Structure formats: structure tokens, C-alpha cells
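J.: If you count by the working numbering, then the sequence shown holds residues 1 to 108, one letter each, in order.
Please keep in mind that the hints were generated in silico from the structure rather than gathered at the bench.
Values in this document were obtained by computation on a predicted structure and should not be read as measured data.
The beta carbon of each residue, even a glycine, is placed where N, CA and C say it ideally should be.
A couple of the hints might just be wrong.
Said to hold, decoys possible - Beta-carbon label-pair distances, calculated as ranges: (1) Phe42 / Glu71: 53 to 61 Å; (2) Gly11 / Glu54: 50 to 58 Å; (3) Met15 / Phe47: 14 to 22 Å; (4) Val99 / Leu5: 20 to 28 Å; (5) Arg9 / Ala53: 28 to 36 Å; (6) Val16 / His65: 32 to 40 Å; (7) Thr48 / Ala20: 54 to 62 Å; (8) Ser76 / Leu5: 42 to 50 Å; (9) Leu25 / Gly61: 24 to 32 Å; (10) Phe75 / Phe47: 36 to 44 Å.
Stated by the list, open to error - Cross-link-like lysine to any residue pairs, in silico, SDA-like; alpha carbons within 20 Å at most: (11) Lys46 / Gln8; (12) Lys27 / Gln17; (13) Lys18 / Ile3; (14) Lys46 / Val29; (15) Lys46 / Ser14; (16) Lys36 / Lys46; (17) Lys27 / Asn10; (18) Lys46 / Gln17; (19) Lys36 / Gln17; (20) Lys18 / Gln28; (21) Lys46 / Asn7; (22) Lys27 / Asn7; (23) Lys18 / Leu58; (24) Lys27 / Lys46; (25) Lys27 / Arg9; (26) Lys27 / Met15.
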Amino acid sequence: MYIYLPNQRNGLQSMVQKLAASPELLKQVAMDLWTKVPVGDFRVPKFTISYRAEATGLLQGLGLHLPFDHEAADFSEMLESTNTAGSSGVRRVQRVSPVLRGSKRGRN
């Protein structure tokens, strides 16, 4: 995980605007991550980050339609019930990212 800090004390908004306007700056900054910069007393509060995305439209946009067609989809060989042909199908696909938790413990 990377934490980006502005050079100026109150420069967060300006930094976010620059990165939003030119996302390629993240690649440029990432290439120079081994440069150590003194930051003084730096603390990160406890946090939890997770991400959930609806992927049904994305998969259909890539041409995957059959699993979502409840009349044509046939998952009978994957399901125990024998009465599934023509009545099964995928309603939606969600992608859930792993949960990232920051705690008080850390490395020095």
C-alpha cells in the first residue's frame, strides 16, 4: 500500500486535483518510490478498506451472455437438482475485494 502525501502542509486538495487530471502521474511517482523522504512524526489512523463492484454488465459487454439467459443456460451438471435445465441462470456477478485493515501495530 502506498500513501501519497503533498509537499505543502495544506496541499492535499491540489495534489488530488493534479492526480485526477493526469493519472499518468501515479505511474511516474510509482517509478520513484525508492527515494526516501523525511516526513517527521507521521501517523495513520486505524482504517478498513473494502471494495465491491457489479461485474454483470462488464461480463456481458465482453460477450458472455449465455450464463445470464435463464432459458438457454444449463447448469444441470453443476447442480444436484435434476430439474434445472431451462430454469437456471446467473442473475448477477459481484466482485468483492479483500478487506484491508490498518491497525495500531506496524513496523518501525
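J.: All the hints need checking, so say for each whether the structure fits it.
T.: Hint-by-hint comparison with the structure:
1. Phe42 / Glu71: 53 to 61 Å: holds, 58 Å
2. Gly11 / Glu54: 50 to 58 Å: Distance hint for glycine 11, glutamate 54 is violated at roughly 35 Å.
3. Met15 / Phe47: 14 to 22 Å: holds, 19 Å
4. Val99 / Leu5: 20 to 28 Å: Since valine 99 and leucine 5 have Cβ atoms about 24 Å apart, the given range 20 to 28 Å holds.
5. Arg9 / Ala53: 28 to 36 Å: holds, 35 Å
6. Val16 / His65: 32 to 40 Å: holds, 39 Å
7. Thr48 / Ala20: 54 to 62 Å: This hint is violated: roughly 24 Å between Cβ atoms.
8. Ser76 / Leu5: 42 to 50 Å: About 56 Å separates the Cβ atoms of serine 76 and leucine 5, which means 42 to 50 Å is violated.
9. Leu25 / Gly61: 24 to 32 Å: holds, 29 Å
10. Phe75 / Phe47: 36 to 44 Å: holds, 39 Å
11. Lys46 / Gln8: Distance of about 24 Å is beyond 20 Å: violated.
12. Lys27 / Gln17: Since the Cα atoms of lysine 27 and glutamine 17 sit roughly 16 Å apart, the hinted pair holds (cutoff 20 Å).
13. Lys18 / Ile3: holds, 16 Å
14. Lys46 / Val29: violated, 25 Å
15. Lys46 / Ser14: violated, 25 Å
16. Lys36 / Lys46: With Cα atoms ~24 Å apart, lysine 36 and lysine 46 exceed 20 Å; violated.
17. Lys27 / Asn10: violated, 23 Å
18. Lys46 / Gln17: Distance of about 25 Å is beyond 20 Å: violated.
19. Lys36 / Gln17: violated, 24 Å
20. Lys18 / Gln28: holds, 13 Å
21. Lys46 / Asn7: violated, 23 Å
22. Lys27 / Asn7: With a Cα-Cα distance of about 18 Å, the restraint between lysine 27 and asparagine 7 holds, given a limit of 20 Å.
23. Lys18 / Leu58: Violated, at about 29 Å.
24. Lys27 / Lys46: violated, 27 Å
25. Lys27 / Arg9: Violated, at about 23 Å.
26. Lys27 / Met15: holds, 15 Å
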